[in-house]
Every structure is written in structure tokens, then in C-alpha cells.
Amino acid sequence: MTHLAQWIRCKAGTIQSCDRRSASAGWTVLCSSISYHVIRQACHMNPAVTRSLKMATHLSCGRVNLNVLREAMRIELREFLDKCAGSKAIVWDEYLTGPFGLIAQYSLLKEHEVEKMFTLKAGSLPSSDVKNIIFFVRPKLELMDIIAENIRREDKGRYSHRDFHILFVPRRSLLCEQRLKDLGVLGSFYHREEYRLNLIPFDGDLLSMESENAFKECYLENDQTTLYHAAKGLTTLQALYGTIPQICGKGECARHVANMMIRMKRELGGSNNQITPVFDTLLLLDRNVDLLTPLATQLTYEGLIDEVYGIQNSNVKLPPEKFAPKKQGESGKDLPTEPKKLLLNSAEELYAEVRDKNFNAVGSVLSKKAKIISAAFEGRHNAKTVGEIKQFVSQLPHMQAERASLANHTSIAELIKDITTSEAFFDNLTVEQEFMSGFDTDKINSYIEDCIAKKDPLIKILRLVCLQSVCNTGLKQKVLDFYKREILQTYGYEHTLTLYNLEKAGLLKAQSGNRNNYPTIRKTLRLWMDDVNEQVTY
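Heads up: the sequence shown is residues 0 to 537, going by numbering that gives the first Met the number 0.
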């Protein structure tokens with residue numbers, strides 16, 4: 000891992016904040032917007048609210064208590080649900096179910112008379128005897144068409160007293176409302192509101208906008224909507240945690256966000272925030288400041304889980320066979336077929352310890368933990384008195400949870416090891432590291448050529464070609480032309496647009512007359528380490 004990649008993971012990047020290990024109060028690049036009476040409620044939590052936070056104790060383990068932000072979002076959600084009096088069914092834009100699950104579990108929805116939940120699909124709505132149907136959707140025109148079809152197909156006689164409501168996430172859209180009007184259903188909605196879920200607390204030191212198309216929108220489509228949401232979120236963050244005294248940034252998008260924040264503060268009357276600032280500095284970084292990091296293979300434990308299986312909203316789905324009980328696995332009968340779903344966050348002590356370690360250091364940690372847990376269970380033989388037995392019994396649930404956690408992460412480590420010890424993984428990693436160390440970046444790479452010939456996944460090819468381009472400040476024209484020709488002939492000419500978009504975004508380009516400045520940057524900023532201590536946590 001490069002120095003810059005480590006620094007971004009530990010300090011800011013595009014979504015990291017409030018690092019446990021940083022000496023300052025924290026850095027953040029965030030977004031959301033919540034009404035100020037909600038903010039006041041969140042900042043003065045009553046005992047009932049405190050009890051509701053038990054499900055999210057990991058959000059208060061960092062230098063900043065992110066439960067305050069989460070609770071502000073929950074309060075606003077509860078207020079909207081209470082506006083829709085009576086029994087309710089929520090129709091979900093499927094993309095939103097993951098982010099909302101990190102804010103509010105089903106128990107909270109049930110407390111506010113939510114009886115049914117459905118996924119938004121074309122056709123008729125599933126049958127349900129509820130008074131209110133609430134659509135939770137992103138402002139996408141194609142979703143408006145589906146909603147209109149759902150409403151038109153409702154049985155007017157049977158459900159004549161039913162009310163429809165729509166909650167746009169994260170922002171109401173005039174275009175979407177006009178589409179609903181054109182389709183003749185806009186008047187069917189009793190409430191049309193927005194819920195600004197732009198800032199999602201993932202962990203005690205991690206907040207995410209979950210805006211996976213932000214880079215594309217900013218650099219290909221020149222759409223600054225994401226930047227607006229970022230500025231809105233930062234404004235809310237300051238309302239909750241105090242005005243950030245120092246703002247630093249790098250890049251054009253960073254400048255736009257900072258300017259929008261200033262304008263929003265001016266529009267609010269420029270009133271002084273009386274809350275003592277929690278954050279010392281806000282650091283805004285454009286993604287294109289460091290295009291290398293997202294192209295390279297992640298090598299931490301958490302990073303490799305994400306590379307191989309994909310982590311979505313702190314959840315990962317894994318092959319079930321490694322998690323079958325030992326006897327069941329040996330017999331080979333009735334093995335589970337559904338993927339094993341695990342929640343990954345710092346609420347789990349073992350995961351918090353290993354998530355940022357180089358994968359090669361994880362085995363020793365798991366081995367050490369196994370010995371500690373084994374010794375703890377052996378302690379039952381030393382319990383002689385009633386008090387000692389009672390103490391052991393009180394610790395038993397925690398010990399059993401630790402043993403289950405160890406079993407899960409041992410299985411995950413075995414799955415990852417099968418990948419990392421393969422020849423294909425080693426060859427790919429070797430080429431990446433050669434590029435990042437400045438070796439043969441100006442030539443056609445034989446490994447990439449072989450991968451294209453074998454028709455390896457296109458995303459693998461594009462990552463390597465773009466990595467070579469970034470590490471060489473662009474490719475020589477003949478090298479770039481060769482890669483383009485081979486990719487189009489092998490994967491299809493429909494990828495002409497793919498290559499064009501990569502060039503437009505700056506990930507792939509021809510080398511100009513200027514010399515390659517990457518080696519100088521690498522040396523000056525110490526972006527590469529020849530000797531890596533794999534026991535270090537990044």
C-alpha cells in the first residue's frame with residue numbers, strides 16, 4: 000500500500016472522518032441536511048433516546064460521537080411517519096434499503112405503525128390492508144413511471160380510503176414531480192416531502208455519502224448535484240458539532256463545495272454557532288488528486304474482503320460452505336445454499352482489531368485470539384466458590400460471542416487466503432507493484448497482453464491499463480493505441496464509449512510532450528515503500 004493510500008484511509012479520503020488514531024480532533028468530508036429543531040433534539044438526548052442507541056454503540060467509539068448525527072436522522076424519519084396517521088406500508092426503492100438499515104431497524108418502523116414493506120416493482124402493488132402507502136424513492140424519472148403504474152392499478156373500490164405519500168431521498172425533484180403530473184398521479188399524494196439521507200454513519204470513524212456515481216457525475220457529466228449535497232451535509236454537520244474553524248482543500252470540486260458552504264451560511268443569516276467545535280479542520284480532496292489508490296488492489300483484511308466479495312452498507316455475502324458446522328461439512332449432506340451474510344463494523348471487537356491490518360498479519364492475530372478464548376473457557380475449571388461460578392456464568396455470553404466471531408473471521412481468512420495464494424493473484428499484484436515502483440511503465444506490458452488474449456474480466460484489464468497510465472503520466476501514443484485496439488477487438492466495439500469516458504475522466508490518456516513526473520512525485524511525497532512492516536495497522 001502506498002503512503003498516500005494509508006494517509007487517506009487514516010485521515011480523510013472521500014469518506015473517512017474522525018480517526019481514532021489521529022492527534023487532531025478529526026477530518027471529514029461529509030454531507031446531509033436536517034432541520035434545526037431536530038438538531039436540538041438530537042443534541043439533548045433523553046433516556047428513551049439513549050436506550051435506542053444501544054444498537055449503534057460502535058458509532059460512539061471514535062473521537063466524535065456519531066450517534067448524535069444518527070439520532071437526528073431517526074427523529075426526522077419518525078416525524079414524517081407520524082404525519083401519515085394510521086397503518087402504513089412502505090414501498091422501497093431497493094437501492095435505499097441498505098442505507099436506511101444503518102439508520103433505522105424495522106423495530107423503529109413498527110413502532111410507528113409500519114405493517115408491511117415491499118420493493119418497488121412494475122405492475123400492481125401487493126395486496127395489503129393498510130391506510131397509507133409510502134414510497135421511499137430516489138428522484139429518478141424511471142422510478143416515477145413505475146410509481147404511476149402502481150397507483151393507476153390500485154383497486155379504487157376496495158382501497159377508496161387509502162392515502163399515498165412519497166418521500167424523495169435525498170432531495171425533491173421538480174422534474175420528477177412534473178413527470179408524475181404528466182402521468183396524472185401527482186394529485187394522488189397526500190404528502191410529497193424529502194429526506195436528506197446524504198450522510199450515513201457507518202462506523203465510529205467513518206461516514207459515507209454512498210453516492211457511487213459521484214465521480215462520473217462530476218467529471219463526465221459536469222453535474223454538481225453531489226457537490227451540493229456535500230455542502231448541505233457539511234452545513235448540518237457544523238450545526239451538530241460546531242463550526243469548523245479551518246477549511247483546506249485541493250481541486251476544483253473542493254473549491255465548489257467550500258464556496259457553496261459559505262453561501263449557505265450567508266443564506267442562514269450568518270448566525271454564530273454556539274456549540275464548541277469538535278473538528279479542528281475540514282479537508283476537502285477531489286478524487287482526481289489521487290487516481291492511483293482506487294485502481295490498485297487493496298491489501299488490508301477489510302480491503303480484500305471488499306475486493307473479492309464486495310461490502311455493501313457494512314454487509315458482506317460469503318460462500319456458505321465454509322460456515323457450515325464441522326460435522327455437517329464433513330458429511331456433505333444438507334449443506335447451506337444461501338450466502339452467509341455478515342455485518343462488519345467496529346461493534347465486533349475482533350473485526351475492529353484486524354480490519355486495517357495487512358492480510359499477512361491477520362493469521363497471527365486470529366491464532367493469538369484463539370488461545371486467549373480457549374484459556375478463558377478453561378477458566379471454568381478454576382471456579383470453585385459460588386461467587387467465582389457466578390462471575391464465570393456472567394462472562395459466558397461475551398465469551399461465546401467472541402468464539403463465534405473468531406470462527407467467522409477464521410473462515411473468511413481461509414476464503415481470502417485461497418485467493419491471495421493463487422498464481423493469478425500474485426501475477427496481477429506483481430504487475431501493479433512494478434507500475435507503482437516505476438518499472439517499465441512506458442512499454443506494452445506482456446501480462447496485460449496475455450490477460451486480454453485469455454479474455455480475463457474487462458474490469459481487470461481496464462484497472463491495469465489505467466494504473467499504468469497514471470504511473471506514467473499518460474501512455475505513449477503507440478502503447479495506448481495498441482491497448483485500445485486489443486480491447487475493442489477482444490471485448491467488442493461497444494466499449495469505444497468506455498475507453499472514451501476513461502480518457503475524459505483522466506484515468507487513461509496519451510502522454511503529452513511533458514516528461515513523466517510520477518517518479519519525482521513518488522520520491523518527494525514518499526508514495527512508495529520498498530520495505531513494508533506487514534504487522535502495522537493502516
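The set of hints was computed from the structure by calculation and includes no laboratory data.
Heads up, a few of these hints could be off.
Unchecked claim - Here are the computed distance ranges between Cβ atoms for each label pair:
#1 Gln311 to Lys477: 13 to 23 Å
#2 Thr429 to Gly362: 19 to 29 Å
#3 Asp305 to Ala406: 16 to 26 Å
#4 Lys522 to Gln104: 46 to 56 Å
#5 Asn500 to Arg402: 46 to 56 Å
#6 Glu251 to Gln311: 22 to 32 Å
#7 Glu148 to Thr429: 30 to 40 Å
#8 Lys477 to Ala406: 46 to 56 Å
#9 Arg152 to Asn500: 35 to 45 Å
#10 Leu267 to Ala406: 16 to 26 Å
#11 Leu428 to Arg402: 53 to 63 Å
#12 Thr118 to Lys522: 16 to 26 Å
#13 Gln311 to Gln399: 46 to 56 Å
#14 Glu251 to Gln399: 49 to 59 Å
Claimed, not checked - Cut-off 27 Å, straight-line C-alpha distance, at most; resulting in silico cross-link-like pairs (DSS-like, lysine-lysine):
#15 Lys416 to Lys367
#16 Lys442 to Lys475
#17 Lys356 to Lys416
#18 Lys339 to Lys356
#19 Lys503 to Lys139
#20 Lys321 to Lys383
#21 Lys442 to Lys416
#22 Lys483 to Lys508
#23 Lys416 to Lys120
#24 Lys389 to Lys339
#25 Lys368 to Lys383
#26 Lys483 to Lys522
#27 Lys356 to Lys368
#28 Lys356 to Lys389
#29 Lys383 to Lys454
#30 Lys115 to Lys316
#31 Lys340 to Lys416
#32 Lys339 to Lys503
#33 Lys475 to Lys508
Nothing here was measured: the structure is a model prediction, and the numbers come from that model.
Note that the Cβ used here is the ideal one computed from N, Cα and C, for glycine as well.
How the hints compare with the structure:
1. Gln311 to Lys477: 13 to 23 Å: violated, 41 Å
2. Thr429 to Gly362: 19 to 29 Å: Given a distance of about 22 Å, which is inside 19 to 29 Å, the answer is holds.
3. Asp305 to Ala406: 16 to 26 Å: For Asp305 and Ala406 the Cβ distance comes to about 21 Å; the hint holds.
4. Lys522 to Gln104: 46 to 56 Å: holds, 50 Å
5. Asn500 to Arg402: 46 to 56 Å: holds, 49 Å
6. Glu251 to Gln311: 22 to 32 Å: holds, 30 Å
7. Glu148 to Thr429: 30 to 40 Å: violated, 53 Å
8. Lys477 to Ala406: 46 to 56 Å: holds, 54 Å
9. Arg152 to Asn500: 35 to 45 Å: holds, 38 Å
10. Leu267 to Ala406: 16 to 26 Å: Roughly 52 Å apart at Cβ, these two residues miss the hinted range, so it is violated.
11. Leu428 to Arg402: 53 to 63 Å: violated, 33 Å
12. Thr118 to Lys522: 16 to 26 Å: violated, 52 Å
13. Gln311 to Gln399: 46 to 56 Å: violated, 28 Å
14. Glu251 to Gln399: 49 to 59 Å: holds, 53 Å
15. Lys416 to Lys367: It holds: about 18 Å lies between the C-alpha atoms, which stays within 27 Å.
16. Lys442 to Lys475: holds, 8 Å
17. Lys356 to Lys416: holds, 14 Å
18. Lys339 to Lys356: holds, 23 Å
19. Lys503 to Lys139: holds, 25 Å
20. Lys321 to Lys383: Not OK: Lys321 and Lys383 at ~38 Å, beyond 27 Å, violated.
21. Lys442 to Lys416: Cα-Cα ~32 Å, so violated.
22. Lys483 to Lys508: Distance of about 11 Å is within 27 Å: holds.
23. Lys416 to Lys120: Violated. Lys416 to Lys120 sits at ~40 Å, over the 27 Å cutoff.
24. Lys389 to Lys339: violated, 35 Å
25. Lys368 to Lys383: Holds, because 26 Å separates the two Cα atoms, which is no more than 27 Å.
26. Lys483 to Lys522: violated, 31 Å
27. Lys356 to Lys368: holds, 15 Å
28. Lys356 to Lys389: Violated, because 37 Å separates the two Cα atoms, which is more than 27 Å.
29. Lys383 to Lys454: violated, 66 Å
30. Lys115 to Lys316: holds, 25 Å
31. Lys340 to Lys416: Distance of about 19 Å is within 27 Å: holds.
32. Lys339 to Lys503: Distance of about 40 Å is beyond 27 Å: violated.
33. Lys475 to Lys508: holds, 9 Å
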